[in-house]
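S.K.: The primary structure of each chain is shown beneath.
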Amino acid sequence: MGWIRIFLISLLKALWKLNPWTLRQNPILLMVLCGAIYSTWIVISIPQDQGINTQLAGWLWATVLIANFCEAMAEGRGKAQAQFLKQSQENLQACVILENGELNLIPAHQLLVGDIVRVQAGELIPGDGDIVSGIAAIDESSITGESDPVIRESGGDRSSVTAGTRVLSDSIDARITTKPGETAIDKMIALVEGTQRQPTPNERALRYLLFALTGIFVVVVGSLPFYTRYLGSPLDNVLLIALFVTLIPTTIGGLLSAIGIAGMNRLLKINVLAMSGRSVEAAGDVDVMMFDKTGTVTTGARRAVAFYPAPGVEMEELVNACAMSSIFDETGEGKSILELAKVEYAWETPIVENHTYTPFSAATRMSGIEVDGTSFFKGADRKIVEFVQSYAGPLPEDFLSAYLDQSHVISKEGGTPLGVVRHDGKVAHLLGLIFLKDQIKSGLKQKFTQLKRMGIRTVMITGDNEITAQVIAQEAGIDDVIPQATPTDKLSYIHKWQEMGHNVAMCGDGTNDAPALAQADVGIAMNTGTAAAKEAANMIDLDSDPTKIIAVVAVGKQMLMTRGALTTFSVANDVAKYFAIIPALFSPFIPALGRLNVMQLSSPQYAILSAVIFNALILVALLPLALRGVKFKPAPAAKTLRHNVLIYGLGGVIAPFAGIKVIDLLLKALS
Amino acid sequence: MVKIFLLLSGIFLVCGVLMRPVGRYFWNVLMRQRTLLDGFLDPIATTIYQICHIPVHHDQKWGEYLSSMLIFNGCGFVFLFLLFQTQHFFENQCPVTDVPCWLIHLNLAMSYVSNTNWQPFAPEQTLSTFSLMVGVGTQYFLSAASGIAVAIAFVRSFKTNQQILYDQTHPDDIPTQKYHERYLGNFWVDIVRITLWFLLPCAVFVGCIYVILGVPQGWGTLPGLNPLTLGPIASLESIKILGSNGGGYFEANSAHPFENPSSATHFLQMVSMIFIPMVLFEVFGRKITDSRHAYTLLISLFCILIFSVVVSGWISGHADIWGAYEARLGAHGSLLFSILTNSSGCGATCMDHSTLHPVVQLILVCKMMLGAIDFGSVGSGFCLLISYVILTVFLTGLMVGRTPEYLGKKIEAPEIRMIVLIILLTPLSILGLSACLCYLSPTGDIRSFSRIVYMLISTTSNNGSALGESGIYTTQAALWITNIAMLMGRYGVLSAVLCIAGSFSKKMKIPRSNATLPTRGLLFASLLIGTILICNGLIYFPVLCLSFIPDVLSIAVVE
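Residue numbers (the numbering used here), protein chains in the order written: chain P, 1 to 671; chain U, 1 to 559.
Hints are computed from structural coordinates only; laboratory data are not their basis. Mixed in with the good hints there might be a few duds.
[As the list claims (entries may be wrong)] Within a straight-line C-alpha distance of at most 30 Å, the following computed DSS-like cross-link-like pairs (lysine-lysine) qualify:
1. U:K3 to P:K496
2. P:K383 to P:K412
3. U:K509 to P:K633
4. P:K452 to U:K61
5. P:K447 to U:K509
6. U:K159 to P:K639
7. P:K335 to P:K437
8. U:K159 to P:K437
[As the list claims (entries may be wrong)] Covered stretches of chain U (chain P as the covering partner; in silico rule of three or more C-beta atoms under 8 Å from a C-beta of chain P):
9. 25–32
10. 71–81
11. 119–129
12. 311–321
13. 429–443
14. 543–550
These figures come from a predicted structure and were not determined experimentally. All residues carry an ideal CB built from backbone N, CA and C; glycine is no exception.
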């Protein structure tokens, strides 16, 4: 349904785009249009039999129309995609809190930056902003497609809300940070629609080249009538125009903007908003990639894998203490401790009454339970030692060092050590350590190996100490780590690599990531991140999935590859067209050239007509490729190159020979 | 075939052996390091620097380098033209035609300055011995040196590595990008050093061998039916070939027994044709500290050369058409000489090219059409080759999904704009100007059209060889048009190349990675060959179809 509509609208748009003012941005198509107009004029002005000239003129018009249609089609698809995102933002009402505290209901498009709005449960958020007070569960399925609600609260890095998402519980006050109509989605729609589409640096270079190719063929074809005049036999102008149109790179010229739009479109499909075409292209050049450990490399939840009793402590006692401290712990870590105790040490859950549970807090950095006067606590290794010493006085030297050594060993293996203590009112006993291990996401190693084969260096940003970070990096196949990273560390790391000529991509979400995001060549902000981060970044990931940076790089590379492949194909096509048209054009007065008719085309007229028809139809045949993009597999450059040169270079030489021959046979059969 | 291959391998053996030591020496010369000849040449150079007020340590930007080159060549042109114009005070020399004498002199001056040496009139009848010695002889050195200087400046631009500097004290600030400009060297110093340290010793050495082998060097007239004027033939001959100039002392050029008396001198001439271009590749490899890149290019060129030699040798032998060659030099030697002279942009001829087999003629014209990149006329051919390399890297580099780069320098819009200018200029000159000439001339047949095309390809690519005799060469229109073609072909290309060098020198070097397009090795070599052939094929196929190809095809019909 949607497809048919896009198709019909594109047809209409293709007609509209025939006007020279719109076409001026595409000199190649403008040339074809001029050729079409000129040949039509010849056909109309000279009434006698025109032979194939009428058909030629028709196919020249078809070439321009088809090229226009391709562009309109790509735009239409992009727009449909963006419209889907935008739909949720239409007809929103905003409840603005005035300075005197009164509430005022206005349409969302009248909102100004800095306005504070109140959104109740069940209402839609009227504009992009930051929560200033309150906490709420928000359904963001309208932009991400994920049905799980997310929690947003004021302060911190999880305070940003997006227009069109629905508040499910509670009520929040949010400050509008973006003027409606200038949000990320609006920018993206403008990019896709072409109103703001600036040619990217690489596209500009390619345009120069295509322009020059066109210029060369103007000279090549333009000089022919002088030569034949010197040799004493004039040429038919319409045939010359046909030769010219088939030679200039109409294939890539007609599909160039479609490729750019399709690139944006593919980003939209994976729920990434790009703020400029330039950043998409830069993504293809990225060779250093930075990301946070938590959420990207590790699942965020750590699992207990072993217990290490302190000297003189029985294993059973330690296991019991560990399990007891975690019995009401709802976190993944706590559950994993219980599981380990049950499975490995056959610990059975006792019936517990009269207990008080102390959950983990940033201040104490411990959690535990108190049952019948005895407490069991687990927590950061050093915190536990402090706790014990505050009751039992300084611990024996060798006992402490054995404990700390063990804790060091755990760190070295990439784990987090948790100390465990039993406290019975007066005395505290240090019992041992729990080995909590970071869980590296499954399938990550292959992903990083792929990146390595693409020549991309991976860098992990983490708050962990250097040893732990290195171990995790080694396990996941990451090249470098920035341990205990501060915002300055991140920024200077990016500087360092950029200075050496690398292109750096980074994803982040916090306000403190903003300088680094702005400095990176490709900065991807998570949609859950703060407004500052989103402002600094040049892409926004609506799903807030840091691993998506890999997909973004792939889209960037794919866009460049598609351009390169189609250019090569377009140029390589000319070889066959020469062999079709040149003998047809010159053999009347230089019969020897008839031998160049290697395709054995039936007649000179059909040879020229077939070449022109092939030239127009190849645009349609390649449109799906332009929209879908050349297949991208992470592989070393040499391999990709060999593959693509064989398909698009050699294929580009051979395909038109077959195509023109088939069209010639069809024409012969039809006549 | 076997004979040709033996000859060819002999030539490459000599060049290959000499290439490395001479390359090392030349590199030292260019890097202003100590060399053997310093004790003797340093005082001379210092005197020249002082007299001409040359700031020796001033490093030039591309604009300065370019304007120095243009001024230098412009002065050379004016000097030469005035010299030719005033030579009638000493000896009255002007061929009897309806073309004004000054136009002939203008054309000759342009042709010598631009390293083309297109000589539509017999030089021994047009120029005095004094003009040949002082004017032409000097220009033989200086035009070659100018070409080499530009090539060297281009190579230098790959080496520069600009770093982004940012204020260390405020790492939170987004850095402003400041570039340290490091430039292309100094044109004047380059010219002096290339001429004195490199070209002069080479020419003296080769010239001495010529004298030993019997090339005349001295004044006088040989009595006889047609009295022959002698002159400093050996010394002119050595730099004529070494500097890929190719304009002979006599009209018969290297077919003349004075210029090329025996097969030994013949062999030496072929060696000197490709010697300096090969040395330039060695210097290139040294400069970018990766000889494999240079050898990749060399091998690609070698493939094209071998292909053309094999096809020409086979077809000539098969049809037993060897053309009007000098018995003294041999059929095989003459064929190889013709191929090499058109490959290298030298333009010296030892036989009448128009008598060769049509297929060989087609090959000769195709080789010239490539713009002498195949072992390059000194300097400019190398520049053109690198331009094609950049184009190849751009086209194929996109296909690996990364902004293309060559030797760590990103290829972006400004460079492509210049490359585009280069690949647009050549067809504009060749095709556009031959269209003009066709328009200005009365109608003719395919043969005379072939000569027009050959003439414009020869002058645009600064080769200078001609396809037989033709009245069309000496018309007033042809003289004007070849003037423009030589100007565009030489200075258009060199200016664009220096502009690219300027923008490369401002870029920082990107480190290699797995994702970088490999620009050495067989894959790249074949891509380069493919791009060169397809680009030129697309541009020149129609015009060749009207000139050289019908002959080839009709011979095929007869067989």
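S.K.: Which numbered hints are broken by the structure, listed smallest first?
M.R.: Hints 1, 4, 8, 9, 10, 11, 12 not satisfied by this model.
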